[in-house]
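There are 4 protein chains.
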Amino acid sequence: MPVPAPNLYPVFNTVRVSHAYLNVHDLAASKQFYADTLGLQITDEDAEHVYLRAMEERGHHSIVLQQSDQPGTVEAMAFKTFDERDLDAAHAYFASLGRPVAWIDRPYQGRTLRTSDNCGIPIEFYYRMDQLAPIHQTYALYKGVKPLRIDHINCFSNDVDASVAFYSKFGFRVTEYTEDEESGRLWAAWLHRKGGVHDIAFTNGTGPRMHHVAFWVPTPLNIIDLLDLMSTTGYVANIERGPGRHGISNAFFLYVLDPDGHRIEIYCSDYQTVDPDLAPIKWDLKDPQRQTLWGAAAPESWFKHGSPFLGVPTQVPDLKATPIIAP
Amino acid sequence: MPVPAPNLYPVFNTVRVSHAYLNVHDLAASKQFYADTLGLQITDEDAEHVYLRAMEERGHHSIVLQQSDQPGTVEAMAFKTFDERDLDAAHAYFASLGRPVAWIDRPYQGRTLRTSDNCGIPIEFYYRMDQLAPIHQTYALYKGVKPLRIDHINCFSNDVDASVAFYSKFGFRVTEYTEDEESGRLWAAWLHRKGGVHDIAFTNGTGPRMHHVAFWVPTPLNIIDLLDLMSTTGYVANIERGPGRHGISNAFFLYVLDPDGHRIEIYCSDYQTVDPDLAPIKWDLKDPQRQTLWGAAAPESWFKHGSPFLGVPTQVPDLKATPIIAP
Amino acid sequence: MPVPAPNLYPVFNTVRVSHAYLNVHDLAASKQFYADTLGLQITDEDAEHVYLRAMEERGHHSIVLQQSDQPGTVEAMAFKTFDERDLDAAHAYFASLGRPVAWIDRPYQGRTLRTSDNCGIPIEFYYRMDQLAPIHQTYALYKGVKPLRIDHINCFSNDVDASVAFYSKFGFRVTEYTEDEESGRLWAAWLHRKGGVHDIAFTNGTGPRMHHVAFWVPTPLNIIDLLDLMSTTGYVANIERGPGRHGISNAFFLYVLDPDGHRIEIYCSDYQTVDPDLAPIKWDLKDPQRQTLWGAAAPESWFKHGSPFLGVPTQVPDLKATPIIAP
Amino acid sequence: MPVPAPNLYPVFNTVRVSHAYLNVHDLAASKQFYADTLGLQITDEDAEHVYLRAMEERGHHSIVLQQSDQPGTVEAMAFKTFDERDLDAAHAYFASLGRPVAWIDRPYQGRTLRTSDNCGIPIEFYYRMDQLAPIHQTYALYKGVKPLRIDHINCFSNDVDASVAFYSKFGFRVTEYTEDEESGRLWAAWLHRKGGVHDIAFTNGTGPRMHHVAFWVPTPLNIIDLLDLMSTTGYVANIERGPGRHGISNAFFLYVLDPDGHRIEIYCSDYQTVDPDLAPIKWDLKDPQRQTLWGAAAPESWFKHGSPFLGVPTQVPDLKATPIIAP
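Chains as they are written, first to last, in our numbering: chain A, 1 to 327; chain B, 1 to 327; chain C, 1 to 327; chain D, 1 to 327.
Any given hint might turn out to be false.
Stated by the list, open to error - Short, incomplete list of chain A residues facing chain D, as computed with Cβ under 10 Å: (1) TYR9; (2) GLN32; (3) ALA76; (4) MET129; (5) ARG149; (6) GLY196; (7) ASP277; (8) LEU293; (9) ALA298; (10) GLU300; (11) LYS304.
As the list claims (entries may be wrong) - Lysine-lysine pairs mimicking BS3-like chemistry, simulated, CA-CA at most 27 Å apart: (12) B:LYS143 to B:LYS31; (13) B:LYS143 to D:LYS169; (14) B:LYS31 to D:LYS143; (15) D:LYS304 to B:LYS143; (16) A:LYS31 to C:LYS143; (17) D:LYS169 to D:LYS31; (18) A:LYS143 to C:LYS286; (19) A:LYS286 to A:LYS304; (20) C:LYS282 to A:LYS143.
In short, the hints are calculated from the structure, not lab data.
Fair warning: this is a prediction, and the values are worked out from it, not measured in the lab.
By construction, the Cβ of each residue, glycine as well, lies at the ideal position given by its N, Cα and C atoms.
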C-alpha cells in the first residue's frame, strides 16, 4: 500500500480546512454567482473584496473573492488550528522543514501563519476568526443550493506521493486513494482532519493548481434545484459535470464553474471518518466507477482545467498513467 | 405551427396508454430486472409470460414480458378506452380508415381490438381489465425505484407529422413539440389523453420502433436510489442516460436498458394538462436544452437504438435535419 | 355501499376545480402570506384584489384575495368546463334543478355562470380564462413551498350524502369515502374530475363552510422547507396540522392558516384516477389511520374551524357520529 | 451561563459514542424491528445476543440486543477512545475520581474499561473493535430507514448540572443547552466529541435512565419512508413523536419505540461542531420551539418514559421547573 501510515500524534492540531482566496476579474459578476446563485451569505465587502460564509458557518468567511489583475488564480488556502499553541507549533514545524514562514495580517482573523507546502501551494493557518451570530435557523435567508459549509479543497499535484507524505506528517489521514497498479504509486488521495472523507485531496496532474473548492449541502434535491436555477438564469454553460455519485467518498456531487473558471463542487452525503483506525479504501485507476459510481465519464475539461496559485509555477505530472483520466 | 388542432370531440374516448408487450430472450433475467431491480410487482407468470404492475395500478398489468425467439422486439402497445361503446366506436373508426381490425383475446382483459397505426405500429384497445386489490399503501412491497404507474410510450416514427396527425384525429392532444425550423416540419411531438404531458410521443428516426416505456416514480431521490442499486448489482452498463431534467416536459428522468435492450425511462414531475385550451409549447431543434435543461448531451445510442415492433418493417426517416441529435 | 354510481355521461363536462375567492381583512398581510411565504405568483392586483397563480398554471388565477368587511368568508369556488357548449349545458342543467342561475362578469375570464349547490355553496363555471406565458421553467421565481397548481377544495357539509349525490349527477366520481357503519351513511367523500383523488371533498360538519383549499407541491421536502420558513418568520402559530400522510388519498400533507384563518393544505403524491372503473376505497369512521396513516391525531381546531361562504347560513350536521373526529 | 468551560486538553481522548447494550424480552421480535424494519445489519447472533451495525459503520456493532429477564433495561453505553494510551489514561482518571473501574471482556472488542458516571450510568470505553468490510456501497442491502451510523445517546439525569460537569471534565463540549431562567440551572444539555451536535445529551428527569439512542439517516425522505412502512406493518403504535425539526440541533427527527419500549431516534441534518471555539447556543425553557421548531408539542410519554440502566436506582429530578415539559 503506497499510503503512508497516518501520524496520529502530530506536533500541532489542525481542525479543518477553512477558506480560500479566489482572484476574480469582476466582483459584481462573482457576487451574482456566489451570493445570488449559490446562495452564500455576504459578510463583508469593499471595492476589492467580498467575504462570504455558508449557512451553518459562524466563522466570518469561507470564501474570499478578490478583484485581481490575475483573475482565475488562487492566492492561498487556509486551515484552522485547534488552539493558539498549535499555531505556534505549526510555525516551528514548517520552519524546521525549511519552508518559508511568515506571520501575516488577515482581516477578521487572529494571528495568521503563511507558509507553503511541498509543491509550493500557499497555505495559511490561524486559530481564531471573528464569530458571527448563527443563521442556520434563519430560513428566510436560504436560497440557491442552500450551502451549509465549506467541505474540502481539491488540488492537482505533480507528485501525489509527495503531497500525501507532506500532509500526513502533520496529521492528515488518508480515507480513500487511487493507486496506479503498474507503478505502485498514488494517482490520487483524499485526506481529512475534521472527520469527513476529506479536507484536502490531491490528484495527479500539472500542478500545483486548485482543482475545486467544495460546499456541503443538505440533500441531492438541493443540487437539482441549483441545476434548474443555473440552467434558466444564464449559467447553463457553467455546469461542468454531474449530478452523480462518486465511487470514491460515496458523495453526491455537481461541479460548476464560476465566472473566472474557478471550479466549485456541490457535495453531500459522504461518511464519518473520526475513527483513527479506519482503513483507507483503495481504488484501481482502471475502475471507472471510482469517479462516477453510475458509470458516466467526466468531461475532458474536468481532468485538464484548474486554477493556478498566484505566482506559483506549475510542473507536468511526475506520473504518466495509461488512462489519462482520473478524479 | 405544424401541430394540428386537437380533435376535442373524437368519435371514441381513449383514457390513457395502458401497457406494452415486450419480447425477451430469458424470462428469469427479465424478472430480475423488472421485479427485483425496478420494483414492479409480478401479478401472474407462466413459462412464457410474466405480468407486472406498478405500485398504484389496480389494473392487472402494465408490462407483459414474453419469452420469444425474437427478443428485443415489441409485440404491441395498448390503450384503455373509457367504456365499451368507445371500444366499438374505435373498431368502426379504424375500419373506416382502412386499417386492419380484429378482436383478439388477451388474458385478464375484456374484449380487445387490435389494429395498427399509420406507420404500422400494432396498437390494441380494451375497456376492461381485471382489477386487483390496491397495494399503494402496502409499503412493505415497495422496492427498487418504487414505480407507481406506467406514464407513456415513446416511438421513433419515420414521419412524425403523419403520426401526430393520425393520433390527433382520435383525440390525442399535443402538449410540446420540436420543430425543424428550416422545413417547418415536426421533429418530435408529445401527445396525451390522461392529463399529463404525454401518453405517447414520436421522434424522427428509423421507424416505427419503440424508443422507450416510461414509469412514474415519487421523487428524483428514488431515481438516485435506482442508480445506486443498478451500479452496484451488475447493471452499471445498463444505465444509458441521466439523471437529468428534460427541457421538454420539465420531467426529471433516467434511461436504463433491460437485458434485451428495451429502454425504460424512469420519470417524474411533469405537469398537469387537463385544460383543453392549453397551448402546445414549441421547441427549436437547435436548442440543446429541450433535451436536457441542464445542457448535458444524450449519448449517441439514445438517438439510434430502439425496439422494432414484431414483424413490422422499418423505414429511414422522412426528414433529414442538420443536427442529427433529437429527443 | 352508500356511494352513488358515478354518472359517466353527464350532460356537461367539468374539467377541474379552478379557483376560489377568499375575503380578507388586510390585503398586504395576505400578500405576504400567499406570495412571499407560500410562493404563489401575483398576476394582477388593485386596491381591493390580488390575483395569484401557482408555478405550472397558465390560467390567470387560482386564488383571488378580496379586501372585505367580512374577512374569513369565501365568496365562491369556481370550476372550468371543457368547452363553451358545456357552459351552456351547465346553465340549462342547474336551471332545470331549480337552482338559481346567473351569468356574471369576472375579470380575466370568459362568460361565467354562477349558481349554488344543494347546500347553498356559491359555485361558478367558466370555460375560458386568460392564458399567461408558462413560468414553470423560470426557476428563479420559485420560492416558499414552490406551489405548482391548485389541487382541490374541501368543504364541510351538513349532509354529505346529499352533497355527494348532487355532484355525482354531473359527473364527479368518488375515489375514497368514509362510512359511518352504524347508520350506513357517508361521513366524508372525495370526488374528482381531473384524474387525481379529488377536485372537491365533503366532510360531515356544520355547513356549508369551506374547510380548505389545497395546492400541489413537488415533493415532501418542499413542505419541510415551508415549515422551516414559517416557523422562523412569525408564522409558527399558523401551522395547524402536519406534516403527515393521509390514509385517505395517500397524500403527504400540511395544513396552515392564512392571516384570516382560511385553511390552506399543501399536498403532494396522491394517485392517478383517470380509469372510469376505478373502485372507490372505503374507510371506516373508527379507523384513525384514515386521517393520518402514521397515527397522529389532528388537533380539534381542524375538525371545528372553517370559512363560511359569504351570506350563506350554516346548519349543524345531519349526522351525529360517536367519534366527532373526522377528516 | 451555567455551562462549564470545555476542557480542551482532557487527559484522555474519547472519539465518539459507540454502542449500547439493550435488554429485550424476545430476540426474534427485536430482530424484526431493528433489522427488518429499521434496516440495521446483523453482524452476529447467538441464542442470547444480536449484534447490529448501520450501513456506513465498519466497527462490528453499534447496537447489541440481549435476551434478558429484565427487558426494557440498558446494560451499558460505550465510547471509543482514540488510542490504547487513552484507554489506560481513562482507567487512571476514573479511578482517581473514586469511580469503580474494571477491565471487562466484550466480544469483538479489545480491552474494555467499565466504570460508571456521576449518577451511576454504566459506561464503557474501548479503543479497538473488529473492523468489517465496508458495505456503504452495497446498495442492495439498504432497507428500512437506511440507517447510516449511530449518532448519539440521550439520558434522563436527575442533576443535569452535575452530569454536564462530569463529562465536560474529560473533554465533552456543550453545543446547545436549555436553561431554567429562574434558578439559573441547566435543564438539558447536548455534548459532543465527534464534531456533531452531540454524542450524549442529558435532560432533567427521573434518572439516570436512557431516553433514546439515535441513528443518522441520509435525508428526511428516509424518515417518511420508515413512517409509511411502520404504519402499514403493525408498528403504528410504536410511532411516538414526529416527524419534525428540533429547534435544538436543527435536526430532522422521528422517535419510535422498539418492542420493549426502548426509544430510538431517527435523526439527520444537524451541523458541524469541530471548531473548539464554537459558542454553545442557549435556549429558554419557556420557548416551545426549542423542542419542535414548528411548534408541535411532544406527547407526554416522551417526557416521562425511559429505559432504566440495569441495576441502577433512579432518583426524582433535582430541579422542579414550572413547565414539566422539556426535550
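Violated hints, by number in ascending order, as checked against the structure
Those not satisfied are hints 2, 3, 9, 10, 11, 13, 15, 17, 18 and 20.
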